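> If you want the building blocks of each chain, they are given just below.
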Amino acid sequence: MGVIEVEGLRKEYRRLRGGRTLAVDGLDLEVPEGGVFGFLGPNGAGKTTTIRCLLGLVRPSAGRVRLLGAEVPRGLASVIGRVGSIVEQPALFPRFSGRRNLEILARLSGASGGDVTRALERVSLADRAKDPVKTYSLGMKQRLGIAAALLKDPAILVLDEPANGLDPAGIVEVRELIRSLGAEGRTVFVSSHILTEVQQTADRVAILARGRSVKSGPVAEVLAAGGARGLVVRVADHVAAQRALADAGLPVQLAEDVGGHVLKVEATPEDGERITRILAERGLYLSELRADTVDLETVFLELTKDEGLGA
Amino acid sequence: MIRLFRSELLRATSRRLLRFLLIAALAGTAVAMVIATVNSRQPTAEDAQRAERMYQRELQRCLDGDYGIPPGQLEDMGYPDLEAFCDDNVRPEFFTSVQGLRLSGLSEVLQGTAPILVMLAIVLGASLVGADWSAGSMATLLTWEPRRVRVFLVRALVVSLVVLLAVLLLEAAFVGMWRLGVALRGTADSTTWFSDAVDVVVRTGVVAVIFGLFAYAGAALTRSTAGGVFILLGELVLIEGVLRGLRPSIERWTLIANATAYVSDQGYGGDGTAPTTPTAALVTLVVYAGLALLVALAFTQRRDVT
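Line order of the protein sequences matches chains A and B. Quick note on numbering: our numbering labels position 137 of the first sequence as 137, and the sequence is numbered without any gaps. Quick note on numbering: our numbering labels position 115 of the second sequence as 115, and the sequence is numbered without any gaps.
Please note that the accuracy of each hint is not assured.
Pulled from the structure, derived: some chain B residues nowhere near chain A, Cβ distances all over 12 Å [what the hints assert, rightly or not]:
#	residue
1	E83
2	F94
3	G136
Here are some of the chain A residues that sit facing chain B, going by a computed Cβ distance under 10 Å [claimed, not checked]:
#	residue
4	G56
5	V83
6	V87
7	I104
8	G110
Hints are computed from structural coordinates only; laboratory data are not their basis. Quantities reported herein were computed from a predicted structural model and do not represent experimental measurements. Glycine included, each C-beta is placed from N, C-alpha and C at the ideal position.
Sequences are here, hints too, so could you generate the full structure?
Printed below as a string of structure tokens:
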């Protein structure tokens with residue numbers, strides 16, 4: 001049983017001038033306990049709406065949501081104390097200091113002043129704790145939001161686009177924080193449309209397109225769904241090399257990358273030695289031989305191609 | 001529930017608007033009282049003798065029946081006899097011709113300043129919920145306490161408490177300054193001034209809380225401070241104004257008439273409309289506020305937080 005379970009979730013928003021917008025369309029999702037779970041999808045895919053449904057902020061039109069085994073929204077109150085979250089931007093009072101914002105929330109959970117101090121230290125904001133939140137950078141606000149979520153000592157942490165608007169240094173900071181939280185045994189549920197970012201932090205992912213999950217599972221498994229890629233070979237005379245490899249019975253295709261023409265050979269890494277020998281026997285010396293890896297972005301674009309969202 | 005209350009109270013009392021309004025109101029009161037005290041003077045012995053003569057003459061006229069009130073009507077007005085009527089309606093302070101601060105005038109001035117305090121309550125009531133929507137922190141709060149009914153009711157309680165304490169603080173400061181002004185350059189012409197003032201202060205506090213709750217309900221419905229304030233002011237100025245113009249008999253059911261009737265402790269009834277007592281006026285206000293809160297609660301409970 002997952003700590004987050006979503007079955008057939010559907011959410012329609014009514015427009016003011018009539019008509020409806022379908023934000024989530026029969027979503028199924030199961031998030032196992034522990035580690036970082038990436039919830040991926042382009043803008044408008046339904047990630048934030050799903051998160052709002054998880055947290056009881058939005059009522060689903062249909063389907064079931066369970067958080068730590070409790071039905072949402074009916075049983076949410078019984079588990080909310082173990083669920084930390086940031087939905088979109090951390091929404092805090094801009095004129096209050098960072099510390100005062102946390103103190104207000106701490107009173108809700110019964111956390112002490114010491115807990116507030118520790119949470120601020122955890123996100124490296126202790127030095128700026130007395131400053132008004134309106135003077136914080138976006139990255140600091142994100143970290144303050146995470147500090148607020150940590151006040152509950154949560155079993156699940158739900159973070160909606162935590163890297164949004166951050167500069168590279170801020171992204172690295174938040175990434176490290178997420179990794180360390182996941183390593184502590186908490187379940188960190190991170191939504192993002194920055195796929196490379198999630199690839200570096202998540203253990204498992206679900207890819208969402210038009211309100212539906214198109215693929216989910218361990219990152220390696222999802223990457224494999226992008227197809228067996230084989231090996232990339234770069235050689236000066238790519239025409240002769242292509243002929244030589246084809247003559248040796250290896251499926252080979254000519255392709256281009258930023259460095260010019262390359263050959264993509266359908267082969268396993270163990271075939272590297274054989275490829276080197278075949279080419280050398282023909283007097284062709286390769287300048288590059290590497291595994292043709294895929295990233296989540298490529299997989300995502302392939303998986304969502306049929307949805308009309310791909311490139 | 002206690003944790004939520006403590007958190008909401010801390011949030012409310014941390015707001016700059018609350019401190020700003022209180023400081024501005026206290027400063028305004030202090031300036032007004034300094035001006036009033038400077039312009040006031042204590043009566044001379046001659047003034048006091050003249051006032052006493054006029055009082056005795058008028059009291060005698062009343063006791064002689066010159067006011068032309070039929071004996072049967074006295075009972076309807078709540079007086080056992082003519083003497084009680086005259087004691088209540090002909091008082092020494094009515095004949096003090098000296099301009100300035102008088103203890104006997106305090107409760108009347110407190111009644112006159114009640115609308116200002118009600119306005120303050122409206123702004124506070126709307127702001128304490130509206131600010132959360134504009135900052136987006138309502139979503140944050142609901143991810144800590146998802147039971148919306150509980151959040152709504154605790155907030156209503158906090159609004160009531162903050163408004164009541166703010167009004168009591170300002171009224172206490174006003175009464176203290178008035179008393180000081182009287183001691184320095186005024187006329188201590190009443191022995192019941194304190195109990196009279198406390199009565200008005202409590203009534204004003206109750207009405208301020210009710211109007212604060214109206215504004216709170218309006219802000220919860222519109223999810224904005226401005227929305228809460230404008231809904232209530234629109235009702236008071238436009239709807240009640242228009243309704244009174246079209247059908248004067250409806251005045252008995254308006255918020256303004258009932259609030260005035262309760263704060264003044266005079267009841268309401270005139271122009272052929274059904275009379276009402278201060279207690280009935282209070283009940284009417286409480287019922288209206290209850291209905292407004294119920295509508296806002298139903299709305300809060302059902303509507304998505306996006």
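> Look at each hint and say if it fits the structure.
These are the hints, each one checked on the structure:
With a closest Cβ-Cβ approach of about 60 Å to chain A, E83/B is found to remain outside the 12 Å limit, as its non-interface label requires. Distance to chain A confirms F94/B as a non-interface residue, since its nearest Cβ pair spans about 51 Å, more than 12 Å. Not every Cβ of chain A is farther than 12 Å from the Cβ of G136/B; the closest lies at roughly 3 Å, contradicting the non-interface assignment. Interface restraint check: G56/A against chain B, minimum CB-CB distance 4 Å, threshold 10 Å, status holds.
For V83/A, the interface hint holds, the least distance from its beta-carbon to any beta-carbon of chain B being 7 Å, beneath 10 Å. With a least beta-carbon distance of about 6 Å to chain B, the hint placing V87/A at the interface is held under the 10 Å criterion. Hint on I104/A holds. Least Cβ distance to chain B is approximately 5 Å, under the 10 Å limit. Of the supplied interface hints, the one on G110/A holds, with its beta-carbon coming within about 6 Å of a beta-carbon of chain B, less than 10 Å.
Consistency with the previously given hints fails for number 3 only.
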